[in-house]
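Asker: Once you've looked at the hints, dock chain B against the given chain A.
These protein sequences, in sequence, are chains A and B.
The first sequence: position 90 = 716 (my numbering), numbered continuously.
The second sequence: position 137 = 227 (my numbering), numbered continuously.
Honestly, the hints are just simulated from the structure, not real lab data.
Wrong hints could be hidden among the right ones.
[To be verified] Some chain B residues near chain A, calculated using beta-carbon distances under 10 Å: (1) 111; (2) 146; (3) 197; (4) 250; (5) 254; (6) 260.
Think of the CB as a built atom: it goes at the ideal place given N, C-alpha and C, for glycine as much as any other residue.
Spelled out, the chains give:
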Amino acid sequence: MTEQIQDSLAVEAELPSSTMTVNLGPSHPAMHGTVRLIVTLDGETIVEAVPEIGFLHRGFSKSSEHSTWHQVLPYTDRLNYVSPILNNVGYIMGVEKLLGIKDTERSQYLRVLAGEISRITDHLTCIGAIGLELGAFTVFLYAMEARELLWDRISELTGARVTTSWTRVGGVASDLPPGWEQKLRDCLPRVMELTGEVDTLLTRNRIFIDRTRGIGVLSAEEAVDWGFTGPCLRATGVNYDVRKAHPYLVYDRMDFEVPLGASGDTYDRYILRLEEIRQSHRIVLQCLEQMPPGPILIDDWRYALPPKKEVFGSIEGVMAHFKLITEGIQVPPGEVYVYTEGANGELGFHLVSNGKGKPYAIQVRGPGLPILSALPRLIKGHAIADLIPIFDSINMIGGEVEQ
Amino acid sequence: MSQALVDLVRERFPDAKGSSHRGDEVVTVRREQVVDVVALLRNQAEMKLLRQIAAVDLLTFAGESTGGGALASIEVPAYALEKKPRVEPRFQVAYNLYSIVRKQSLRVRVELRSDDLKVPTITPLYRTADWWERYVFDMFGIEFVGHPNLQRLLLYPEFVGYPLRKDYPVRKRQPLVPELDFPDLVRGPGPGPGGAGVPMSQTHVGRQNVDPDAYD
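If we strip away everything but chain A, and leave its shape as in the complex, we get (with noise of 0.2 Å):
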């Protein structure tokens, strides 16, 4: 008995016992977008990982200071470009703040309704590929039908699927089109149907379970001390979330829950958009209840431009369009921070004006990249095929982390 037992010893020391370096991505279909993994693998399990960032490094900031404030607004949308309006509103509340003024009622309104639509199909994109990375393509496939669905919405309200550029400072570049309200109720319950496909299909799926659940686990402290937001800090049990704890827009008059998870783990980062699906939905039919009709932008010729009537009409027009076309808004000087809850957690803007019609300074925080930084930590000790639910369920997304 001794001496088997010391021969399975002398076959496992002989074993090979070094350790591997694989690189994932930047070009990986699992990678979402563009980021480098050099992961050391000792067999199957990863020791180390290091993420390398800035593929998709576009100098958002070095741009929008030598753009008008204004002109900034498409630059944003490439930010997180899975929920790009609530980037717009995240950017333009900062120059309001900065300016002092608010936008109309409705216009807050309507931000809210885009916005959270706009979360929606954030989330969605998150849970499809999910599914898809995990093997259930079927999951995928409805989360897009459901996601084109909001898209198509969306497109019809501001002209453009992904790249809206559609808040103005002082409120929204264009109101609900004719019909579009009737359109959105109709194909609501669809996407719910469709969440609620994904639902029984994922959430108590034994293979799923058993790939996401105890994966990844962070306790609520460390998440705060690596400076989680959003779902994934939620998921860890801390209730935090921006719209509650210090509301914005019209999030006051709102009635929705913050889900909360418990173990910090792949599971709940999922079951947690999945639920933050459904109370976004319950905001964007409160809001249709709700909305006043009334106009959807300041008339402050300062800040927004005039009606294009005023402006062929008259002088006033003209030159007040001139002045905001060519030298943009004068913003007072000043240094703010402002932040909004974003898709992924608390989209945050430095701001910094010197006065002039562009911003001085502007730098951007992604909720993603304190959660990216957080990657190795996550991931570490785990087997290799456990990175890629891991790695989708932060939903890193490279416009934002990589500015």
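Answerer: Positioned in the frame of chain A, the structure of chain B alone reads:
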């Protein structure tokens, strides 16, 4: 609410300056104090969430208006910058802190002179400071003393200059990075194509040291 935080800092650090703009509370401290101030806020005001570390280069802050719109690409030329009086302290580093429990936020600001761009790191206090400090180093060239791995975050190691400094031209081109020797993919480390005198055209990536029969 947040005024209490400024008072808390000023109690321990009397020379800290408090200010406020549009409801954002800011406390400006000396560079040597920053770790202690942040630790104080973290431990006594429950500011456990470091939202972001941002930096500002004040070089052209007081500059004349350069317009916008069609003129957006026009920037301050280099000769104009040389004639300008030096702005000191030129850089600011801002730590945006937040307390989830108390729902309070505060910005800690440090001012830096351009001849001494060093700040002590706060990575022992916040794990998330790791990447934010790398980001600020990457974009502004501000060194965080004591950081465990202070490398560029978004840009590549061969990048010349710091792009978010105001004297970095927006249309500046970077030199091409020469191709590096890389290990033979089949046999492990060794001279790769483009190195060791082997012309690129005569090599085939990863195969130049391999016995052709090995593939048959």
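Asker: Against chain A, with CB atoms and a cut of 10 Å, does the hint on residue 260 of chain B hold up?
Answerer: Where the cut-off is 10 Å and the nearest Cβ of chain A is about 5 Å from residue 260 of chain B, the hint holds.
Asker: Does the closest beta carbon of chain A sit nearer than 10 Å to the beta carbon of residue 146 of chain B?
Answerer: 5 Å, holds
Asker: Should the interface hint for residue 197 of chain B be scored as holding, given a Cβ-Cβ cut-off of 10 Å against chain A?
Answerer: 6 Å, holds
Asker: Quick one, is the residue 254 of chain B hint okay against chain A at 10 Å, beta carbons?
Answerer: With Cβ-Cβ at 6 Å, under 10 Å, it holds.
Asker: Double-check residue 111 of chain B for me: the hint is only fine if its C-beta lies closer than 10 Å to a C-beta in chain A.
Answerer: 5 Å, holds
Asker: Just to be careful: measuring from the Cβ of residue 250 of chain B to every Cβ in chain A, is the smallest value less than 10 Å?
Answerer: Since the shortest Cβ distance to chain A is 15 Å, the answer is violated.
Checked against the numbered hints listed earlier, the structure breaks hint 4 alone; every other hint is satisfied.
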